[in-house]
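Peer 1: Listed below are the residues making up each chain.
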Amino acid sequence: MTETAARWSTVAHQEQPETKVRLRFPRLFWLGLVILLLYGIIGLFAPVLAPHDPAAFDGKPLEYPSANHLLGTNDIGQDLLSEIIFGARVSLLVGITASAVSVVIATLLATIAAYMGGWIDAALMRVTDLLIIIPRLPLMILLAAYAGASLATTILVIGLLGWPQLARVVRAQVLSLRRRPHVNAARLFGASAPYVIRRHLIPALLPILAAGFVTHAGHAAMMEAGLAFLGLGDPTMKSWGLTIRYALNVKGFFFGDQWLWWILPAGFNLAMLLMAFAFVGIGLEAVANPRIRRHR
Amino acid sequence: MLEIRDLHVHYHPAADDTSARPVRALDGVSLRVEHGEALGIIGESGSGKTTLALALMGLVRGARVHGEVYLHGQRLPLTDEASMRQWRWLRIALSFQSAGSAFDPVYTIGEQVVEPIRTHLRFSREAAIARARDLLRQVGLPAERFDHYPHQLSGGEKQRAMIAMALSCDPELLILDEPTAGLDVLTRAALVDLVLRLRERTRMAMIVIAHDLGDIARLCDRTAVLYAGRMLEIGSTTEILDDPAHPYTWGLVNAYPLITRTKDLWGIRGLAPDPADPPRGCRFQPRCTQSIEECCQKVPSLGEPAAAYGKNQRLVACHRGGLLTMLSVDGLRKVYRCRGRQTVEAVRNATIQIREGEVVGLVGESGSGKSTLARLIVGLEAPDAGSVRFEGEELAGRRLSELARRRIQLIFQDPYEALSPRLTVMELIREPLDIQRIGSRRDREDRVREVLAAVNLPTQPAFLGRYTDGLSGGQLQRIAVARALVLQPKLIIADEPVSMLDASESAKLIRLLKRLQNERGMAMLFISHELALVRKVADRIAVMRNGEIVEFRPSHLVLSAPRHPYTQSLIAASQALLAPMPMTLVSDERSLVHS
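In order, the protein sequences belong to chains A and B.
Our numbering numbers the first residue of the first sequence as 21 and each following residue consecutively.
Our numbering numbers the first residue of the second sequence as -16 and each following residue consecutively.
These are computed hints drawn from the structure, not numbers from a lab.
Each hint should be verified, as a subset may be incorrect.
One side of the interface only, derived from the structure: several residues of chain A facing chain B at Cβ under 10 Å [unchecked claim]:
{"#": "1", "residue": "Pro201"}
{"#": "2", "residue": "Arg207"}
{"#": "3", "residue": "Gly210"}
{"#": "4", "residue": "Ser212"}
Anything over 12 Å on all C-beta distances counts as not near chain B; from chain A, calculated [to be verified]:
{"#": "5", "residue": "Leu57"}
{"#": "6", "residue": "His72"}
{"#": "7", "residue": "Arg109"}
{"#": "8", "residue": "Asp141"}
{"#": "9", "residue": "Val270"}
{"#": "10", "residue": "Phe275"}
{"#": "11", "residue": "Phe288"}
{"#": "12", "residue": "Asn289"}
For glycine and all other residues, C-beta sits at the position ideal for the given N, C-alpha and C.
Chain A on its own, in the form it takes in the complex (with noise of 0.2 Å):
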């Protein structure tokens, strides 16, 4: 150090103030938000846009694709383009209310658990860790089979079973919130828990649940598909997994060329939309998750 700087050593040095990060979405994100929205579109307007009505039988069992049935007709002859697009309504329903279920949980226990600390913490974790451990997707059934098989019950099989990995995530980001000085600040204020919770801990939260509740609709619209393709969901309701179960119940199904336009289209959209999900979901998390974010 040469004579000067220790002479003046003692000077603080201004730090640069730290400035709000513009928000860079991946260009993924993009795509997977125009593939959703396309998705919702087609789930709102799904009455408009169905040529026909997927329950009723006004076509001949196992028909071929036509001008009148673009992608033919099932083994009872209902049109199955009107299936495919009153599925997505199914896939994004359940998908959506499913995941906002879990978040609302996850925030819930995690804020509780991380903010009071001690043996409630401790508690919870627990819980958490064990509902980790087992098996989701054999709970799920039996949990699905014994409460029956409706609509409500699959969105509260999924929902109430798929919060322990957020949790886990919201809790270790309220563990590091609660210690900033600004928390502590509204503390010494007297401000109570539920006041710290609301006003300072969630708005910060807000981020990292957006991206978990995309990654978990996704997610639970997978469950969905499965649960439906199990027989373990309303079979009313026509979602596309209930799709690809009816067309594997017929008999000899492959050895004739109908799975090119019953299967393929079913799996190939819910592949797109947990894709579309996905892609949302990494683009929202590399924007809220400081770490990610640092590395970028």
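Fit chain B to the given chain A structure using the hints.
Peer 2: Relative to chain A, chain B alone:
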């Protein structure tokens, strides 16, 4: 020897104006001066010091004097001009304030000293001249000054001549009214030495009136404190100056410049009361930081101070027994357990007290436990042992939401972190009020604007609606200060409040903090590793090392005569960094000296 009982001096305004209230220059002062004792009287200008001297001499004109004064058991006829002549000069002599104008410019000094000797002692002219020459020699004036006119003498010489005149009739009591006012330090020191020598030789009793505490400290055994015509405190000079009990004395002593005192001097907040219309109850109450309802209602009488103070004949007129200890931290201990059995003792047996209205600096290297101590005091962490008492109430181990906690506010080190980026300036500062549900929304917003103005920030809606990311570090820290103020705390704990700011912003913020602390009558614990900063604001400095307070004394003593080796090394290290002044200045000075 001298006893003053309940002395009142009220100046009445012009007789035709009956509506005007009398000016109460002295309002019930009682004190005693023992044989051979020197009593100091201190107080701000206008506190009644000079009136007391004049009253003892029977020289107050146009005033009503009540009360009794006894000298050797004989009552002084204070209001009887004719009989007072028997006392004046002969038994009680006064060396007037501003000796310059007390002499008659048309007579020589010699003639003026001779005059009282002839009139009071009835000496012959020759004998009187001989005595006057002797007196002038005694006070250290050269012989030729006898024939000089007052304007030919310097200020110090006139003061000496004045003392010679006061001594002319060997009085039993000598009153020195501001003997050194307006004199330079060397002259002052010589004059004080002279008075000490005279006192040693004559063993007469003295009353020294001065606003210079340094003179009082050297000359007086006991000291009384006057304020607005009343006596607030009396006791041994050492105790009064080193450990003042009355809030006023404390303020007065702390405003006194010492060569080793490095903090900025601020004086006592507010102004002395109008003597024609003094406040009810305690006269100091409007400026006091610890006044309670009783202080506004009842006049406090002199009594023993609280237990924390030395009691060497000390009396203090304060309903609360003197300056209160606001925060008392006792044997505080905090152990952090990290990974298994390993423990770190962040704070061990820390003991510190902060008095009402006081700024205590807490210094120590990083990791010495300063911040942990702050967090323990405010309650962000729970101590493992020890107690934290705030205004007598135990806080350790109690919930953060307790009322008492609100009166202690913490200013964090990093304003970027301490202020939520999601709230606007208005929301940030209003938050404490929102949480406490104080007042209507409108009241809250008014208070936000008030504290913003107090920290010199704009109060326009455009600023109130801004978020923190566009503001500078200095502005943010001011916002943090404003937010801490909005609940009107009694104690501010500032944990490294300027370490994130550049030198200029940091200087401004420190001055702001000190001003607010002084104006609002708060106490402050100023935490910093920077001794150079702490010494600018702290009344007392606590040095912390390895979780322990190793030294805790008045800051000028810590800085000029550190006791603990750690403090010594801390000061040495700061000096090594700060001492080399810019070389250009040094060489300039050298060339000046040589030419």
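Peer 1: Would you mind marking each hint as holding or not holding in the structure?
Peer 2: Right, here's what the structure says about each hint:
The beta carbon of Pro201/A is positioned within 10 Å of a beta carbon in chain B (closest approach about 4 Å), and the interface hint is therefore held. A cut of 10 Å between beta carbons decides the hint on Arg207/A: the least distance to chain B is about 5 Å, and the hint holds. Hint status for Gly210/A relative to chain B: holds, with the closest Cβ pair at about 5 Å, below 10 Å. The interface hint given for Ser212/A is met, as the beta carbon of that residue sits about 7 Å from the closest beta carbon of chain B, less than 10 Å.
Under the 12 Å C-beta cut-off, the non-interface status given to Leu57/A relative to chain B holds; the minimum distance is some 28 Å. The claim that His72/A is not at the interface with chain B holds, since no C-beta of that chain comes within 12 Å of its own (minimum 51 Å). Consistency note on Arg109/A: stated as away from chain B, and its beta-carbon is indeed over 12 Å from all of that chain's, at 36 Å minimum. The non-interface label for Asp141/A is consistent with chain B: the shortest C-beta to C-beta separation is roughly 16 Å, beyond 12 Å.
The Cβ of Val270/A sits about 57 Å from the closest Cβ of chain B, beyond the 12 Å cut-off, so the non-interface label holds. The Cβ of Phe275/A lies farther than 12 Å from every Cβ of chain B, with a closest approach of about 62 Å, so its non-interface assignment holds. The non-interface label for Phe288/A is consistent with chain B: the shortest C-beta to C-beta separation is roughly 42 Å, beyond 12 Å. Taking the minimum C-beta to C-beta distance to chain B, about 39 Å, the non-interface status of Asn289/A holds against the 12 Å cut.
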